Amino acid sequence: MDMDVVLKKSEGLEDVEMHYCPGCTHGIIHKLLAEVLVELDLLGDTIGVAPVGCAVFCYDYFACDMHEAAHGRAPAVATGIKRALPDKTVFTYQGDGDLAAIGTAEIVHAAMRGEKITTIFVNNTNYGMTGGQMAPTTLVGQKVTTAPLGRSQDHYGSPIHVSEMLATIKGSAYIERVTVHNMPGIIRTKKAIKKAFQLQQEGAGFTLIEVLSTCPTNWGLTPNDSLTWLADHMIPEFPLGVYRDITSEGK
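-13 is the number of the first residue of the sequence shown in our numbering; add one for each residue after it.
Since the hints were made in silico from the structure, they are not lab data.
Please note that a few of the clues may not be correct.
Estimated spans, in silico, between C-beta atoms of each pair [said to hold, decoys possible]:
1. -8 - 141: 50 to 58 Å
2. 225 - 135: 20 to 28 Å
3. 98 - 71: 30 to 38 Å
4. 146 - -12: 50 to 58 Å
5. 139 - 235: 27 to 35 Å
6. 144 - 26: 31 to 39 Å
7. 45 - 169: 50 to 58 Å
8. 27 - 127: 16 to 24 Å
9. 133 - 154: 26 to 34 Å
10. 169 - 227: 15 to 23 Å
11. 219 - 71: 27 to 35 Å
12. 225 - 157: 16 to 24 Å
13. 169 - 139: 28 to 36 Å
Computed from a prediction, not measured in an experiment: that's the story for all the values here.
Glycine is no exception: its CB is placed at the ideal position from the N, C-alpha and C atoms.
Using the sequences and the hints given, assemble the complete structure.
The structure is reproduced here in structure tokens:
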């Protein structure tokens, strides 16, 4: 007997098993990004760039052209691709240990130049791939492998707020921080990603979506408890919302 297909994997994703840890929300973010590319009919003309980090194997998952970059250098690589192939849709997919540490200068100057690329910035407050070391976004008091007693503000400073920083740069066209820890957040995240790509198509400038994400393995929590921890600790430190939108500012 034939059965109707109620739900299937997005055509924007390859039919392969992902390597992410149980409960990691990278998979959700991948799904949303892939769906947006299909819905906007951009998949065949899109080039993604992934540097070192948990998402280093993106080329196995997204059904579009993918390019690898050195640690932190995805914005520079994406800049070269977009300038050489301006009709293509170009995005980077970066974690906080990559974008907000070794790649800080790259992302700041890409925004300053108003590069017409889109960055998906996944913030899970630690270096996920290499064992859970402290990242620039690690919360004060949060325990990580390189700060087992918790991040000390006096010794290590405060977490960097990437969205707020990039929103001050005139080349930024759209900056929003979202979350995927619950269904309303997932719906909002997809809308934000879609808007970022639509603005890229219009040549508006640099766009970045920061997604608050979980890391159950390195946080030492169950997947469900990780969702609660994100809501209770990350969102107060990294408030959700639109930090820059030239379509509403008239700039």
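Hint check results:
1. In this structure, residue -8 and residue 141 meet the distance hint of 50 to 58 Å, their C-beta atoms being roughly 53 Å apart.
2. Checking the proposed 20 to 28 Å range against residue 225 and residue 135 shows it holds: the Cβ atoms sit about 27 Å from each other.
3. Checked against the hint of 30 to 38 Å, the C-beta distance between residue 98 and residue 71 comes to roughly 22 Å, which is inconsistent with it.
4. At roughly 54 Å, the beta-carbon separation of residue 146 and residue -12 lies within the given 50 to 58 Å, and the hint holds.
5. For residue 139 and residue 235, the hinted distance range of 27 to 35 Å is satisfied, since their beta carbons lie about 33 Å from each other.
6. Here the CB-CB span from residue 144 to residue 26 is close to 37 Å, well matched to the stated 31 to 39 Å.
7. Distance hint check: the CB atoms of residue 45 and residue 169 are about 29 Å apart, inconsistent with the given range 50 to 58 Å.
8. Taken as a hint, the range 16 to 24 Å is violated for the pair residue 27 and residue 127, whose Cβ atoms sit roughly 46 Å apart.
9. For residue 133 and residue 154, the Cβ-Cβ distance of about 28 Å falls inside the hinted range of 26 to 34 Å, so the restraint holds.
10. Under the hint 15 to 23 Å, the C-beta atoms of residue 169 and residue 227, about 18 Å apart, fit the expected range.
11. At about 41 Å, the CB distance of residue 219 to residue 71 disagrees with the hint of 27 to 35 Å.
12. The hinted window of 16 to 24 Å between residue 225 and residue 157 holds, with their beta carbons roughly 23 Å apart.
13. In this structure, residue 169 and residue 139 meet the distance hint of 28 to 36 Å, their C-beta atoms being roughly 34 Å apart.
Consistency with the previously given hints fails for numbers 3, 7, 8 and 11, ordered from lowest to highest.
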